[in-house]
Amino acid sequence: MGMLLETRYPIVLVHGLLGFVHLPGHSYWNGIDVALRRRGVAVYPVRLSGVHDNEALGAQLLERIAAIRDASGAPRVNLLGHSQGGLSARYAAARRPDWVASVTTVATPNHGSEVADRLRGRLPPSGRRERLLARGVEGLARLMERLECAEPGLCLPLDGPASLLALTSAGMAAFNARYPQGLPGCWGGEGAEEVDGVRYYSWSGILPARADAAAGFDPGHALCRQLARCFVREAGQNDGLVGRFSSHLGKVIRSDYPFDHLDVINRCEGRREGEADPLGVYLEHLARLAEAGL
Numbered sequence: 001m002g003m004l005l006e007t008r009y010p011i012v013l014v015h016g017l018l019g020f021v022h023l024p025g026h027s028y029w030n031g032i033d034v035a036l037r038r039r040g041v042a043v044y045p046v047r048l049s050g051v052h053d054n055e056a057l058g059a060q061l062l063e064r065i066a067a068i069r070d071a072s073g074a075p076r077v078n079l080l081g082h083s084q085g086g087l088s089a090r091y092a093a094a095r096r097p098d099w100v101a102s103v104t105t106v107a108t109p110n111h112g113s114e115v116a117d118r119l120r121g122r123l124p125p126s127g128r129r130e131r132l133l134a135r136g137v138e139g140l141a142r143l144m145e146r147l148e149c150a151e152p153g154l155c156l157p158l159d160g161p162a163s164l165l166a167l168t169s170a171g172m173a174a175f176n177a178r179y180p181q182g183l184p185g186c187w188g189g190e191g192a193e194e195v196d197g198v199r200y201y202s203w204s205g206i207l208p209a210r211a212d213a214a215a216g217f218d219p220g221h222a223l224c225r226q227l228a229r230c231f232v233r234e235a236g237q238n239d240g241l242v243g244r245f246s247s248h249l250g251k252v253i254r255s256d257y258p259f260d261h262l263d264v265i266n267r268c269e270g271r272r273e274g275e276a277d278p279l280g281v282y283l284e285h286l287a288r289l290a291e292a293g294l
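Residue numbering for the sequence shown follows UniProt numbering, beginning at 1 and increasing consecutively.
There may be inaccurate statements among the hints.
Result set (SDA-like, lysine to any residue): computed pairs, CA atoms no more than 25 Å apart in a straight line [claimed, not checked]:
no., residue 1, residue 2
1, Lys251, Arg76
2, Lys251, Asp159
3, Lys251, Gly189
4, Lys251, Ala170
5, Lys251, Leu62
6, Lys251, Leu23
7, Lys251, Gly293
8, Lys251, Pro219
9, Lys251, Ala192
10, Lys251, Glu6
11, Lys251, Glu145
12, Lys251, Val41
13, Lys251, Gly188
14, Lys251, Arg288
15, Lys251, Glu190
16, Lys251, Asp277
Pair ranges (Cβ atoms, derived) [to be verified]:
no., residue 1, residue 2, range
17, Gly139, Arg118, 19 to 27 Å
18, Leu18, Gly189, 28 to 36 Å
19, Glu291, Arg142, 25 to 33 Å
20, Glu193, Pro157, 33 to 41 Å
21, Asp256, Arg129, 30 to 38 Å
22, Gln226, Gly136, 14 to 22 Å
23, Gly236, Asp70, 29 to 37 Å
24, Arg118, Pro75, 28 to 36 Å
What the hints contain is simulated information worked out from the structure, not anything from laboratory work. Computed from a prediction, not measured in an experiment: that's the story for all the values here. Positions of the beta carbon are idealized from the N, C-alpha and C atoms, including for glycine.
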């Protein structure tokens with residue numbers, strides 16, 4: 001089972017855009033939640049709207065945290081969010097720091113995504129193309145929600161255009177002005193490790209120099225490589241959706257792991273070893289939280 005590394009507070013896993021907890025035959029966290037529980041930790045993956053803005057998702061997260069506090073008796077939680085889930089976690093911690101012991105953002109566009117910027121530039125607000133794309137994305141999110149095994153009958157609000165705007169550089173600049181906790185003072189730097197009693201951590205990756213031929217064709221990795229072409233400021237320094245330095249928040253564990261945006265939540269499932277083992281990164285962070293008394 002491995003050495004027990006029990007944290008003081010439960011860990012809440014927060015999914016990103018078009019996320020879920022469990023679909024038939026598939027888990028968003030790809031064994032990460034199972035591995036953390038095997039180390040003696042209480043782990044709660046939560047389900048939020050598949051597409052919406054950061055504040056709306058953060059408000060939903062606060063409702064989930066309230067329920068977890070009631071069920072577990074724990075006064076605080078450790079939030080760990082992937083991609084947009086990290087922004088939901090930041091909002092929750094800013095609004096209720098007394099409920100949150102730590103926030104860890106994983107491949108989160110804390111300063112915006114150049115992919116969202118490119119898409120926003122090609123879709124005039126309230127235009128026909130934006131409406132069509134929003135309808136499609138919201139339809140996909142609703143379908144995934146209906147297939148969700150954990151919470152049948154769930155019907156959460158969806159807003160595709162708001163989600164896109166929230167992830168742009170401009171949208172994140174506005175969000176950061178309201179919720180600056182843990183932000184670096186300069187581009188590519190680190191932010192305050194503790195604000196209002198909440199610890200802030202982050203990590204992310206960059207696309208490996210080349211795909212692992214031994215692993216065979218990986219459609220998720222291929223998509224990340226295509227999307228990486230949208231990057232200008234962080235060309236060659238991104239995971240396909242999020243730039244390396246855009247991900248920085250609080251204590252930066254590392255922002256150049258050889259992971260694409262999906263590898264970072266263990267989609268490679270054992271196909272990478274050593275320093276490129278995403279599951280090992282989560283277990284190392286579990287030890288970090290436990291050592292910090294969190």
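To see whether the hints hold, each was checked on the structure:
no.: 1; hint: Lys251 x Arg76; in the structure: 20 Å, holds
no.: 2; hint: Lys251 x Asp159; in the structure: 32 Å, violated
no.: 3; hint: Lys251 x Gly189; in the structure: 9 Å, holds
no.: 4; hint: Lys251 x Ala170; in the structure: 24 Å, holds
no.: 5; hint: Lys251 x Leu62; in the structure: 23 Å, holds
no.: 6; hint: Lys251 x Leu23; in the structure: 33 Å, violated
no.: 7; hint: Lys251 x Gly293; in the structure: 16 Å, holds
no.: 8; hint: Lys251 x Pro219; in the structure: 32 Å, violated
no.: 9; hint: Lys251 x Ala192; in the structure: 7 Å, holds
no.: 10; hint: Lys251 x Glu6; in the structure: 21 Å, holds
no.: 11; hint: Lys251 x Glu145; in the structure: 34 Å, violated
no.: 12; hint: Lys251 x Val41; in the structure: 22 Å, holds
no.: 13; hint: Lys251 x Gly188; in the structure: 12 Å, holds
no.: 14; hint: Lys251 x Arg288; in the structure: 12 Å, holds
no.: 15; hint: Lys251 x Glu190; in the structure: 6 Å, holds
no.: 16; hint: Lys251 x Asp277; in the structure: 21 Å, holds
no.: 17; hint: Gly139 x Arg118: 19 to 27 Å; in the structure: 23 Å, holds
no.: 18; hint: Leu18 x Gly189: 28 to 36 Å; in the structure: 31 Å, holds
no.: 19; hint: Glu291 x Arg142: 25 to 33 Å; in the structure: 42 Å, violated
no.: 20; hint: Glu193 x Pro157: 33 to 41 Å; in the structure: 34 Å, holds
no.: 21; hint: Asp256 x Arg129: 30 to 38 Å; in the structure: 35 Å, holds
no.: 22; hint: Gln226 x Gly136: 14 to 22 Å; in the structure: 18 Å, holds
no.: 23; hint: Gly236 x Asp70: 29 to 37 Å; in the structure: 47 Å, violated
no.: 24; hint: Arg118 x Pro75: 28 to 36 Å; in the structure: 43 Å, violated
When the structure is compared with the earlier hints, violations turn up for hints 2, 6, 8, 11, 19, 23 and 24 and for no others.
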